[in-house]
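Colleague: Sequence:
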Amino acid sequence: MLKSITCEKLIQSSIHFKLGLNAVVGADDAHNSIGKSSVLMLIDFAFGGSDFPTKCDDVIKNVGHLEVVMEFQFDKSYLFIRNTEAPESVYCVEQGRMLTLREFTSFLKDNYITSAGEISFRDCVSGFFRIYQRNNYNHKRPLDLTVREKWEVVRKRILKMFNMYWLISQLEQERAGAQKALKDINGTFNSGAVKKITKAQVSKNDSVISQLFSEVEKIKHALKRNVTDIRSIINEQSLELKLQKDALVEYKLDLQTQLSRVESNLGNAKIVSSRDFQSVLTFFPEVDSKKLLEVESFHSGITNILKDQLKAEQVVLIEALGAAQADIAKVDNSLLNLVDSREDSVHLLERLIDLDRQQNALIQQNRYWTMSAEAKNEIKRLKADIDSALESSVAEIEVGLNAGIEEEITKIYSNKAISPVLTLGEKDYKFDHGDDRGTGKGFANMIALDLTFLRLTVLPVIIHDSLLFKNMDTPAIEHLVEIYSSFSKQVFISIDEVSKYQAGVRKVITEAMFLKLDKDRMAFNVKWKNAK
Numbered sequence: 018m019l020k021s022i023t024c025e026k027l028i029q030s031s032i033h034f035k036l037g038l039n040a041v042v043g044a045d046d047a048h049n050s051i052g053k054s055s056v057l058m059l060i061d062f063a064f065g066g067s068d069f070p071t072k073c074d075d076v077i078k079n080v081g082h083l084e085v086v087m088e089f090q091f092d093k094s095y096l097f098i099r100n101t102e103a104p105e106s107v108y109c110v111e112q113g114r115m116l117t118l119r120e121f122t123s124f125l126k127d128n129y130i131t132s133a134g135e136i137s138f139r140d141c142v143s144g145f146f147r148i149y150q151r152n153n154y155n156h157k158r159p160l161d162l163t164v165r166e167k168w169e170v171v172r173k174r175i176l177k178m179f180n181m182y183w184l185i186s187q188l189e190q191e192r193a194g195a196q197k198a199l200k201d202i203n204g205t206f207n208s209g210a211v212k213k214i215t216k217a218q219v220s221k222n223d224s225v226i227s228q229l230f231s232e233v234e235k236i237k238h239a240l241k242r243n244v245t246d247i248r249s250i251i252n253e254q255s256l257e258l259k260l261q262k263d264a265l266v267e268y269k270l271d272l273q274t275q276l277s278r279v280e281s282n283l284g285n286a287k288i289v290s291s292r293d294f295q296s297v298l299t300f301f302p303e304v305d306s307k308k309l310l311e312v313e314s315f316h317s318g319i320t321n322i323l324k325d326q327l328k329a330e331q332v333v334l335i336e337a338l339g340a341a342q343a344d345i346a347k348v349d350n351s352l353l354n355l356v357d358s359r360e361d362s363v364h365l366l367e368r369l370i371d372l373d374r375q376q377n378a379l380i381q382q383n384r385y386w387t388m389s390a391e392a393k394n395e396i397k398r399l400k401a402d403i404d405s406a407l408e409s410s411v412a413e414i415e416v417g418l419n420a421g422i423e424e425e426i427t428k429i430y431s432n433k434a435i436s437p438v439l440t441l442g443e444k445d446y447k448f449d450h451g452d453d454r455g456t457g458k459g460f461a462n463m464i465a466l467d468l469t470f471l472r473l474t475v476l477p478v479i480i481h482d483s484l485l486f487k488n489m490d491t492p493a494i495e496h497l498v499e500i501y502s503s504f505s506k507q508v509f510i511s512i513d514e515v516s517k518y519q520a521g522v523r524k525v526i527t528e529a530m531f532l533k534l535d536k537d538r539m540a541f542n543v544k545w546k547n548a549k
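What the sequence shown shows, in the working numbering, is residues 18 to 549, in sequence order.
Treat each hint with caution, since some may be false.
In the DSS-like style, the derived pairs of lysine-lysine whose C-alpha atoms are separated by at most 27 Å in a straight line are [unchecked claim]:
{"id": "1", "residue 1": "K35", "residue 2": "K506"}
{"id": "2", "residue 1": "K221", "residue 2": "K235"}
{"id": "3", "residue 1": "K517", "residue 2": "K487"}
Just the calculated beta-carbon pair ranges, DEER-fashion [stated by the list, open to error]:
{"id": "4", "residue 1": "G209", "residue 2": "N282", "range": "35 to 45 Å"}
{"id": "5", "residue 1": "P492", "residue 2": "G113", "range": "25 to 35 Å"}
{"id": "6", "residue 1": "I435", "residue 2": "D74", "range": "39 to 49 Å"}
{"id": "7", "residue 1": "R472", "residue 2": "T205", "range": "24 to 34 Å"}
{"id": "8", "residue 1": "T387", "residue 2": "N155", "range": "26 to 36 Å"}
{"id": "9", "residue 1": "K93", "residue 2": "E120", "range": "54 to 64 Å"}
{"id": "10", "residue 1": "S277", "residue 2": "T205", "range": "22 to 32 Å"}
{"id": "11", "residue 1": "D404", "residue 2": "N100", "range": "40 to 50 Å"}
{"id": "12", "residue 1": "N155", "residue 2": "A412", "range": "42 to 52 Å"}
{"id": "13", "residue 1": "N155", "residue 2": "K78", "range": "22 to 32 Å"}
Hints listed in this document are in silico derivations from the structure and should not be mistaken for laboratory results.
Beta carbons: idealized from backbone N, C-alpha and C, even for Gly.
Input sequences plus hints: build the corresponding full structure.
Modeller: In structure tokens:
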């Protein structure tokens, strides 16, 4: 627990606390601007908060920076010193060294909330330190640390406070692992190391792998037995290559024949001229020479058209002949490789290596497709498991919180008030105050929520400023003080007008009081709120 705070700038340099209720008490006339909220902010600062230097800058401006000595009591007493001028560092007296603020709050976590490993100390307590300067007392959104905080963040924090996040955390780690695996697989595809294929291609690959496997086994069998089997395999391959070459040679000869015919036609194509008609006119002078000239023109046109067609066919045949010659060369090269092998087994070993390479490439393609599909399915399954775990856990928390809130409201108002309903939905939460929507009741509902968290979760401490009580009726505040005092965990409040409460309640407040303030006894012994 926080045992004491010492600060020379305070009206009372050393203030001491105890388990249960601790109160800074204001004036009976509810006089403001005496420093009650600033003292509560200083307690927040002692618990590792970072708001005091910026949100209580008026204090620093008027009294200077504050050096605060904090004493915590756990298994023994621990002393720390923190200064508002350098709030990111905390001096540990026991260790004789400066700690970072993170190290300090980690110390608090280790000693306050050891059972909830996932949550930080400040995440746990910050939302329940409801002080005027922190502006975190919106009773319509009481679970938000910041304005309109994302529900996913709020939900995670609540689950951690109820120590119910460990299963979801484990599932999320598994999902992160599956997502990384999928990312690595996609990286392999993108690098070109393994070709990415479709589901349909997997089946085709399986068929080819089977064929390759059969051939590999055949070669292995031949290598194990004798040269006769090897020769038989090579002869089969030679025969197949020779048949391919014979067909190509026959095709080539056919193309050459067609090309020769086309080239011959191109060479023999002759146009009949007017000179060739002179002998006709000599023997047959009665023939009309104009008609003969028309025949000459017609024959010339036909011959030109045929030439163009023959030239086009010549080009096609030449290209086809070149392709056929290239195919024949490839077959010849394959035959030469078979013939030139110093040993038949050398050729088979080379073939075996090539087949193995092809087979492994296809196996890798199928393997990576399977790995990718499995990773996607695993991510999908884990998402469903996370959603299911979230739904059941949040539903359980919702039931517990609403039952607790109703119990606290009943204590505060003695069965006369409408209890609010907290709904923890899939996309957001809602704190429904029902038909009693007054400001005082709204704050009372929020206080009931805080008390339920204090009772049911690892939350070790709460701070409630007097502004939360301003619009509540006197009997409700009296009941609330009694509830505060029933806790063994530390509760810090500021409260005014103590004289108006019943004697029993006044006694509780007096026993809980660690500092008394009024207009003549200011928290930092300086008045600066009046106009100069």
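Colleague: Each of the hints needs a verdict: does it hold here or not?
Modeller: Here's how the hints hold up against the structure:
Taking the CA atoms of K35 and K506, the gap is about 9 Å. The hint holds against a cut of 27 Å. Our distance criterion of 27 Å between C-alpha atoms is met by K221 and K235, whose separation comes to about 22 Å. For the given pair, K517 sits about 13 Å from K487 by alpha-carbon distance, which is consistent with the 27 Å threshold. Look at G209 against N282: about 52 Å separates their beta carbons, and that is not inside 35 to 45 Å.
For the hinted restraint 25 to 35 Å between P492 and G113, the CB-CB distance of approximately 52 Å leaves it violated. Distance hint check for I435 and D74: the Cβ-Cβ separation is about 41 Å, which falls inside the suggested range of 39 to 49 Å. For the hinted restraint 24 to 34 Å between R472 and T205, the CB-CB distance of approximately 53 Å leaves it violated. The hinted range of 26 to 36 Å is not satisfied by T387 and N155, whose Cβ atoms lie roughly 52 Å apart.
Separation of K93 from E120 is about 19 Å and departs from the stated range, judged on CB atoms against 54 to 64 Å. The hint said 22 to 32 Å for the Cβ distance between S277 and T205, and at roughly 56 Å that hint is violated. Our hint of 40 to 50 Å for D404 and N100 holds, since their Cβ atoms are close to 47 Å apart. Between N155 and A412, the C-beta spacing of about 25 Å breaks the proposed range 42 to 52 Å.
Our hint of 22 to 32 Å for N155 and K78 holds, since their Cβ atoms are close to 28 Å apart.
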